[in-house]
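Peer 1: So the chains spell out like this:
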Amino acid sequence: MSIALDTRPSVRSGARAAQEAARKAPALLGKVLSAVLVLIAAASVTFFAQLLIPGDRATTILNLQTGRSQKWSAAELAPVNEKFGFDHPVLVQWLHYVGGLFQGDLGTSFTQYRPVTQVIGDQLLPSLVLTLSALVVAWLLALTITLLTVKRGRFVSGLGSSWEAVTASLPPYWVGVVLLVLFAVKWPIFPVIGGTDLWGTVLPVLTLAIPLAGFLGQVTRDEFEKVLDQPFVTTARTRGMSDTGVRLRHALRHSVLPAITLSGWALGALISGAVIAENIYGRPGIGQVLVTAVNTRDVPTVSGIVLVVAAVYVVANLLVDLAFRLVDPRLAVSKGGQR
Amino acid sequence: MKTPLHRLLALGATAVLATGTLTACGSSDESANGGTPVKGGTIVYAHEQEPPCIFGGWIQQAYISRQVLDGLVTLDDNDQVQPWLATAWKVSPDGKTYTFTLKDGVKFTDGTPLDAEAVAYNFDYWENKGGNSTAKVSIDPYFKSAKAIDATHVEITLTHPYTPFLTLITQGYFGIQSPTALKNRSAKENCEQPIGSGGFTVAEWKHGQEVILKKNPNYTSWPATAKHQGPAIVDEVQWKFVPDGVSRYASLTTGQTDVVYDVPTVNWKEAESKFDTTLYITPGKPVSAYINTVKGVFTDKLVRQAFSYGADRKSAVEAGFHGVIPYEGNGAVSQATPDYNADAAKDYAYDPDKANALLDQAGWTGRDSDGYRTKNGKQLFVKFPYPAGAVINTEGAVVLQVLQEQWKKIGFNVKLIPATQAEVFAGKYSGPDAYDASPFYWTSPSPSILWIVWRPSTEANPNGNNQSFYNNDELARVIDEANTSTDPAKASELYQQAQQIISDNAVTLPLYTQNSTYAAAKDLKDFWLEKSQGEPVFADAYFTK
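Respectively, the protein sequence lines represent chains A and B. The letter at position 97 of the first sequence is residue 97 when you use the numbering used here, and the numbering goes up by one with no holes. The letter at position 303 of the second sequence is residue 303 when you use the numbering used here, and the numbering goes up by one with no holes.
Honestly, I wouldn't trust all of these hints.
[What the hints assert, rightly or not] Okay, derived cross-link-like pairs now, EDC-like style, lysine to aspartate or glutamate, Cα gap no bigger than 20 Å in a straight line:
{"no.": "1", "chain 1": "A", "residue 1": "K83", "chain 2": "B", "residue 2": "D480"}
{"no.": "2", "chain 1": "B", "residue 1": "K314", "chain 2": "B", "residue 2": "D504"}
{"no.": "3", "chain 1": "B", "residue 1": "K408", "chain 2": "B", "residue 2": "D368"}
{"no.": "4", "chain 1": "B", "residue 1": "K415", "chain 2": "B", "residue 2": "D433"}
{"no.": "5", "chain 1": "A", "residue 1": "K186", "chain 2": "B", "residue 2": "E117"}
{"no.": "6", "chain 1": "B", "residue 1": "K188", "chain 2": "A", "residue 2": "E82"}
{"no.": "7", "chain 1": "B", "residue 1": "K129", "chain 2": "A", "residue 2": "E76"}
{"no.": "8", "chain 1": "B", "residue 1": "K214", "chain 2": "B", "residue 2": "E535"}
{"no.": "9", "chain 1": "B", "residue 1": "K136", "chain 2": "B", "residue 2": "D540"}
{"no.": "10", "chain 1": "B", "residue 1": "K188", "chain 2": "A", "residue 2": "D122"}
{"no.": "11", "chain 1": "B", "residue 1": "K227", "chain 2": "B", "residue 2": "D76"}
{"no.": "12", "chain 1": "B", "residue 1": "K144", "chain 2": "B", "residue 2": "D124"}
{"no.": "13", "chain 1": "B", "residue 1": "K206", "chain 2": "A", "residue 2": "D87"}
{"no.": "14", "chain 1": "B", "residue 1": "K136", "chain 2": "A", "residue 2": "D105"}
{"no.": "15", "chain 1": "B", "residue 1": "K39", "chain 2": "B", "residue 2": "D540"}
{"no.": "16", "chain 1": "B", "residue 1": "K227", "chain 2": "B", "residue 2": "D540"}
{"no.": "17", "chain 1": "B", "residue 1": "K103", "chain 2": "B", "residue 2": "E117"}
{"no.": "18", "chain 1": "B", "residue 1": "K129", "chain 2": "A", "residue 2": "E82"}
{"no.": "19", "chain 1": "A", "residue 1": "K83", "chain 2": "B", "residue 2": "E189"}
{"no.": "20", "chain 1": "B", "residue 1": "K188", "chain 2": "A", "residue 2": "D105"}
{"no.": "21", "chain 1": "B", "residue 1": "K90", "chain 2": "B", "residue 2": "D104"}
{"no.": "22", "chain 1": "B", "residue 1": "K415", "chain 2": "B", "residue 2": "D312"}
{"no.": "23", "chain 1": "B", "residue 1": "K206", "chain 2": "A", "residue 2": "D122"}
None of these hints come from the bench; they were simulated from the model. What you are looking at is a predicted structure, and each value in this text was computed from that prediction instead of being measured.
Work the whole structure out from these sequences, hints included.
Peer 2: Here you go:
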């Protein structure tokens, strides 16, 4: 949470803005550089980690092409090793890979013979749609339930917190299958295999959003309860503010901060964990591609996806920082000086 | 059969009536019995696994390439070879030369003529250019050359007579592709969009989702086993990938798909009453465990036999698969394979007393504190990794766990290790040090699969498929003699003898047949499976109204 970005919405003269920008340029450049380093490191670590896994890549490629599980002779492996450059020293392979990254080349899939950028590109949009929607829906569910049930008497509060505890602990696969059986089979409102259209996206989104909502709700509720006991809330109430007003205008801002922090993590986790929803609903996405690529030791594809997921984390954390400032002006004040 | 309009109608109907199952076309009453045939439409098919390419040596690739590529010959339901691209063939008296007469005027969908040159090129591509290693291994020791005599006659020469040759080339791995496409296009294009002369062409592959197959309107080369003459009746097949079994079956019951692959066995009874179902028992090596004969406890034949006798595999299979999937007692080839030895399948009926006696005889007479047998202070331990997922599904894993308990009673400590697909393909469990027993299957329409699996592995000519590491020269001789015999009766006798040798030596642990199950909506007619390995065929299928 230490990334300093000034988001004060004040009106400035053009000259002053330019000055400001010039002053901040090195800082911004630093941010971009460190982000790039993080991404290269992520891709490199994945690259080497995959080489450490026991089992030879050429063997995997041959077994995959033939649906077998056997050992192959050196003579059979040699052409594959040569074709994919496995016969070069590992360091050379790595330099070649990182060099390619700077030219936007993530390599070629060992199994599909397509550029990895294309393998991922096809799947990225459905994945982003799924995960972002899931995050938004999870937030809506969590906020609605928290606002309606926190500190509303023992019964209602208990109902709210039990709902959160239960949904947070539900395995997503189970949620997915129950939703499928209820809303696609028993009451066929939604399609079983939805593809990427809007209607078909509803159940996959809920599959991911419900457990996440429980989780976000739990965190928010704890904070909300604490805030409602704060002196400033009592002050507000003594001024004659309505309960709804207190909840929306005072308590909410404070209590969503931990959940916002978690959202950065959740976005990254969702994009790689979406495979469960993708499998159940036959939906394309990089989760599925990742699982297949790991299974088939398709090193360039796995590294490429890790790179994309890392990028999502980086961007998500930047957004979290921004959101923090919008929600909690104290941060902007403490970093940006007097208001 | 899903257009947005259909879906809206379906939605409206269910919202108002709250009825249950909708059929694919939205009409439901007449479709149960006959009905009026409809031309056109889209078949939506839910398959399980998405292969990396549409052509290759894995059955997952053959399933889909069968829609796009034609073969020289095909297999009918009685295991007889029938004409396809080849209208006739002649075998020389010495059994070494096959001359095929090709159907005249057939063109690939890129316009290249499908002539003798093209066929010869494909044989060379499989055999010498790494085009298809399963095609290669099927004909390998016997294939010599392929050459075009004239435009419509191609001659295949073998090194020895090889009776199963025609049967083997009926598999999808032997689909003929356009040489122009193979030579001039990138690996990626040939992977994604093979060019054949088949009933469909690959229009688009939406990775992670579906392959769109479009009707080839100029189709002229249907096989003799086709259910109608002419191009495909439907316009399109949407070949969807739905890895989850619950969803696949649900997509059929809700009318969203017309055909599904691999129905979960718990749903099989219901599926049989609601849909047109097919249970295809795959010929070739069934799901049976390779037994490591060179290292560990199973180097002793008595211990191997005790292992086979020592657990009630038949009951475990029947319970584990809800009576849907048959037990297979012959570990060498399945009951769907020609020249199957049914007697060998009865060799190791559950007999714990006999198993105990064999173990005593083998010297495993001690017992440790956990009740496992010991010999010279060593525990009777069996490392049993199994490929979890596509080979041994969750039901299969339950069967293994039941067996594990029974083996424990006679003193075996069997450690089951679920191996991920990544580990399996990476060959983690592939050497003599990696396991004592490990199950796998290998589909093939011919008992000549015995040669692929049991050919002795030598320094000069290693055989990675012989995963029991069992070199038996007598067995090799019998199989080779069967393969090269020109007398079918003699060949059959020899193949059965080979299965008996494998059974007598207990070098596999028989488990169950490898199967494909399919369920199709009742308003879809003439959807069928070809015989060689159960590839679905959509070119004859039509809807009724």
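Peer 1: If you check each hint against the structure, which ones fail?
Peer 2: Per hint list: 1, 5, 9, 13 and 14 violated.
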